[in-house]
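Visitor: These are the residues of each chain, in order.
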Amino acid sequence: MATKTLRDKYCIVGVGETEYSRGSGRTTRAMAVEAVRKAILDAGLRASDVDGMLDYQGGDSTFAPHVAPDLGIRLNFYMDVVGGGSSTEALVGLAMGAIETGMCNTVAIYRSMNGYSEFRIGGTGARAAQPVRGMDLAQVPFGMRSAGQTFAFTFMRHMHEYGTTSEQVAHVKVAHSKHASQNPKAVQKERVTVQDVVGSRWIVKPLHLLDCCLETDNATCLIVTSAERARDLRARPIYIMGVAGRVSKPRVDFHWAHGPISRVAGYYAKDIVFGQAGIRPEDVHVTGSYDAFTFTTMLQLEEYGFCKKGEGGAYVSSGIIELGGKRPNNTSGGHLCEGYTHGMSMVIENVRQLRGTVDDTCPGAAEGKHTHDYSVGKCRQVKDAEITMNLGWAMPATGSALIMRR
Amino acid sequence: MPQPVTYRGMTLIVPDNDSEWKEYFAHARQHRLMLRACKACGLMRYPPTHACPWCMDLGWTWKEVSGRGTIYSYEVVHHAIQPGFKDATPYGVVLVELDEQRGQPTADEGLRIIGNLVKPDGVSFEDDTQVAIGKRVRVVFQDLAEHMALVQFALSDEAPPGRVWRLPE
Numbered sequence: 001m002a003t004k005t006l007r008d009k010y011c012i013v014g015v016g017e018t019e020y021s022r023g024s025g026r027t028t029r030a031m032a033v034e035a036v037r038k039a040i041l042d043a044g045l046r047a048s049d050v051d052g053m054l055d056y057q058g059g060d061s062t063f064a065p066h067v068a069p070d071l072g073i074r075l076n077f078y079m080d081v082v083g084g085g086s087s088t089e090a091l092v093g094l095a096m097g098a099i100e101t102g103m104c105n106t107v108a109i110y111r112s113m114n115g116y117s118e119f120r121i122g123g124t125g126a127r128a129a130q131p132v133r134g135m136d137l138a139q140v141p142f143g144m145r146s147a148g149q150t151f152a153f154t155f156m157r158h159m160h161e162y163g164t165t166s167e168q169v170a171h172v173k174v175a176h177s178k179h180a181s182q183n184p185k186a187v188q189k190e191r192v193t194v195q196d197v198v199g200s201r202w203i204v205k206p207l208h209l210l211d212c213c214l215e216t217d218n219a220t221c222l223i224v225t226s227a228e229r230a231r232d233l234r235a236r237p238i239y240i241m242g243v244a245g246r247v248s249k250p251r252v253d254f255h256w257a258h259g260p261i262s263r264v265a266g267y268y269a270k271d272i273v274f275g276q277a278g279i280r281p282e283d284v285h286v287t288g289s290y291d292a293f294t295f296t297t298m299l300q301l302e303e304y305g306f307c308k309k310g311e312g313g314a315y316v317s318s319g320i321i322e323l324g325g326k327r328p329n330n331t332s333g334g335h336l337c338e339g340y341t342h343g344m345s346m347v348i349e350n351v352r353q354l355r356g357t358v359d360d361t362c363p364g365a366a367e368g369k370h371t372h373d374y375s376v377g378k379c380r381q382v383k384d385a386e387i388t389m390n391l392g393w394a395m396p397a398t399g400s401a402l403i404m405r406r
Numbered sequence: 001m002p003q004p005v006t007y008r009g010m011t012l013i014v015p016d017n018d019s020e021w022k023e024y025f026a027h028a029r030q031h032r033l034m035l036r037a038c039k040a041c042g043l044m045r046y047p048p049t050h051a052c053p054w055c056m057d058l059g060w061t062w063k064e065v066s067g068r069g070t071i072y073s074y075e076v077v078h079h080a081i082q083p084g085f086k087d088a089t090p091y092g093v094v095l096v097e098l099d100e101q102r103g104q105p106t107a108d109e110g111l112r113i114i115g116n117l118v119k120p121d122g123v124s125f126e127d128d129t130q131v132a133i134g135k136r137v138r139v140v141f142q143d144l145a146e147h148m149a150l151v152q153f154a155l156s157d158e159a160p161p162g163r164v165w166r167l168p169e
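Line by line, the protein sequences are chains A and B. Just so it is clear: in the first sequence, position 334 is 334 by the working numbering, and no numbers are missing. Just so it is clear: in the second sequence, position 64 is 64 by the working numbering, and no numbers are missing.
Just chain B, same shape as in the assembly (with noise of 0.2 angstroms):
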């Protein structure tokens, strides 16, 4: 069984049985983002899971997804509640959504996952000032064992496709 991973004062476990996320996570360590597709409809979902959410077949493959994406809502966290985040507050947690498979199979779905808005180091965390809705990201990653790293978000150069939006100061 792998070593537990300690970050932020946390202890993260992938056993050697976690079917969902151990493979992910080895695959970002690679520095890939990788999701998985049902090999009966085609469809990609997120987080890993062991049956298709729409046609619940239990064939699937690794697929590999760009990184790229749009800041689809967000928190800003002031009092943090885990120790080892309270000398980062105030920090951004975003709900990225992917360019692929955007709107379907329904037009409000989509692939979206949970990180931190980071500086392009991937570690470091972004400005709060600069996490907004409709911002464009692109993913890093966080090294964090040598059989793990963290899926996170950095700012990218792209023009927003559309409106820019964060909660008046």
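The shape of chain A in the complex, shown without the other chains (with noise of 0.2 angstroms):
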């Protein structure tokens, strides 16, 4: 069957954030503004450019009626969405189909949660109290409710099916710590070794601290305009390719019944975003691979075809992943090491990626001059980025992608 697509017919326009700190000190609706604005002005748009708004949350955040007219934006669309990982890249999605049925013209997207100050993940604090009842009942009796617990049997099966080991997939966290020390921003600057992760204290086995991203408090902000629209904008136009949202494993809330379990949703997402956008993962020059944990990232990128099933602990372990490798992956440093945004800082990396304008610690970084000088404290734009890809996670079973073009 062909795959629909709009191939190029979108572009991101404008990216924006916040601080990524571990302590805004202030209001989701405070760092909403503060994103969105940015994002507007790095598009070179007016408050009254904008006419659509998504964002996405798990009640720790503040909707877009609130969000729209602090910055005095009147809305002809607008939708606040429930959910964490994988819902930026079905956002882009939803703002494409919202433009192209001409409900409104310009979409921002945006994320904003104080993840380390207020509500953190996992149902601790507030979140620890509430009754267990319904699909709950399921897990949360014994002893598994967090992200990590809920996700550890599907990582513990590929290292038995595989032989996967915890060396290997460490390297995940050595790269993206290495990316880290070139981004100003990272809340995590300092590069690791493979010893330093497996060294560090267990979670939840076979996950080791260092394993796990580092929550944080962050907005950020994605404007989604038509090509046609995103032509006379002040930034390069960053052209959508390909996307697919929350495409999902049968039986998404107990995926553990359908196997197999080491298989993960980009096994069916490949085919919609690759289609889409009419390449082949060898065509990709950078990846952004929701990095929850060292492991989504090995999953994700296997599965969707940049190694073979079953090869991703040798495949993030040989170099290709890391800045002066073949295919970089989050060069920002990712959740494990920037910041954790549900996803969100992936995607406003690879637009600067594509842009050549990443934000590294190069003298003439805001010129967008680059040395692509790798070692420590230098340069993290990787030369001639023409593709990218970002493979999103919300959990084994559901998972999101999109491919952009400069």
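Source of the hints: derived by calculation from the structure; they are not laboratory data. Keep in mind it's a predicted model, so treat the numbers as computed, not measured. Just so you know, even glycine gets a beta-carbon here, dropped at the ideal spot from N, CA and C. Some clues are possibly wrong.
Chain B regions said to be covered by chain A (calculated; three or more residues, Cβ under 8 angstroms) [as the list claims (entries may be wrong)]: (1) 28-37; (2) 46-56; (3) 62-76; (4) 90-98; (5) 114-123.
Selected chain B positions facing chain A (in silico; Cβ < 7 angstroms) [stated by the list, open to error]: (6) Thr-11; (7) Leu-43; (8) Ile-81; (9) Gln-82; (10) Phe-85; (11) Asp-108; (12) Asp-143; (13) His-147; (14) Leu-155.
Two chains, each in its own frame: build the complex with the hints.
Guide: The following block contains the structure:
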């Protein structure tokens, strides 16, 4: 079946973000306003040019009807979506759909969260007091509630089936820490070694502390509009080649029933997104793979066909995913090192990679001049990056994807 | 409405209108592991749901299973996030594949249930070094209230059918 595609008809024209911190000291409303404003200015637009708004959250943020008016934006379309990881790419697709139908012209997508200081992941604090009922009864009474605890069966089974080792997977953190060391915004800029990762304390086997991402306070925003509208805007338009949103395995909420459980949703998403884009994995120069955990990056790169199924451990430990390697992943440091944004920051980073304007520590970065010297504290701009791909993760059973070009 | 059940600091609620779980936990309290089986195609399913995920039929009956199975995957929690589990760390959580309906209706599917690996008393957690993929287990029931018991698993003395594997230390 031929894949329907809107390839190259829509663009991301603006990106914005607030500081990545562990204590913002302000509301998600204030942060969202700052991030949306920055993205609008980045695009060279005015508030009156934006007439659509999408955001996502899990009861931990501020809805669009409170953010838009703060900036003087009058909306022709908005929707507040429940969700975390994998929402970014899905909402890019929904924004394209909203514009395609004529409901609106230009959409701001934001995520704002005090993910460290207010609402931490995993049902701790206020969330821990919630009664357990319904589908939660299948796992929460057994001490299985956090994201890491919920994903660990999949990770462990992958190690059992394919011989994947902790040391191999640790290379994801090593690579991302290398990239974060060239990122002035990153929460954790120190480079780490494989030994640092496997020597850190256990959280839930097979995850060590350094296999897990950094909960962060932050807001992020992307502006989506038509390619036609994008042509006369300030920033170089970044074209959307393909998008897949929240593609899921059978029996999403109890996906362990359907196997192999070491398979993740990218297995189903890849044909949609590559079909739309008309390219193959080897055509992608830079990836941004959701790294809630080291394992999630490994599993997705494997499932989308950047290596063979089962060879993800060897692939991520080969140097390919590092800056200077054949196909760097999460050049900002990702959720493991830059900070946790439920997927948004990795799309922002890839937009900047394609523009050639990554905000690294090169002396000429502000003017878009890069040395491509990837030693400590220097460049993180990939030379001549033309095509990027984002691999969004909600859980083993649900994922999204986005392919962009300059 | 039955009283909420307190277990390890959590409040577990199975209201009278919980048409998925109420009877499942009531059966467990009678120390019977009962799953829903489709009246049309006969396939069992877990968790208990209202339609057959294979043929979409709405008719079902409760069917008792042996509660014997093999550990399909596992994890060991060292950093508990639920306060009531902090004194139990490190504890094992297991995904048990039941003997019934293994590899049906497709090769990679089975009836898999999440539980803790517990001692034969059904209450105290088994030593975490005992948790491994491929080990044989049997169901045990942890009574929590008059209307509710948790389905847990204990090691059985059966020989494992294949490779036993656990994460290298």
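Visitor: None of the hints should be skipped; say for each whether it holds.
Guide: We went through each hint and held it up to the structure:
1. 28-37: Violated, because only 0 residues of the segment 28-37 of chain B bring their Cβ atoms closer than 8 angstroms to Cβ atoms of chain A.
2. 46-56: holds (count 3)
3. 62-76: holds (count 5)
4. 90-98: Since three or more residues must qualify, the claim that chain A covers the segment 90-98 of chain B holds, with 4 doing so at under 8 angstroms.
5. 114-123: holds (count 3)
6. Thr-11: holds, 4 angstroms
7. Leu-43: violated, 11 angstroms
8. Ile-81: Interface hint status for Ile-81(B): holds (5 angstroms vs cutoff 7 angstroms).
9. Gln-82: OK, holds: Gln-82(B) within 7 angstroms of chain A, min 6 angstroms.
10. Phe-85: holds, 4 angstroms
11. Asp-108: The hint holds - Asp-108(B) has a Cβ within 7 angstroms of chain A, the shortest such distance being about 3 angstroms.
12. Asp-143: The hint is violated - Asp-143(B) has no Cβ within 7 angstroms of chain A, the shortest such distance being about 13 angstroms.
13. His-147: At 13 angstroms from the nearest chain A Cβ, His-147(B) fails the 7 angstroms test, so the hint is violated.
14. Leu-155: violated, 16 angstroms
Violation of the numbered hints given earlier is confined to hints 1, 7, 12, 13, 14; the remaining hints are satisfied by the structure.
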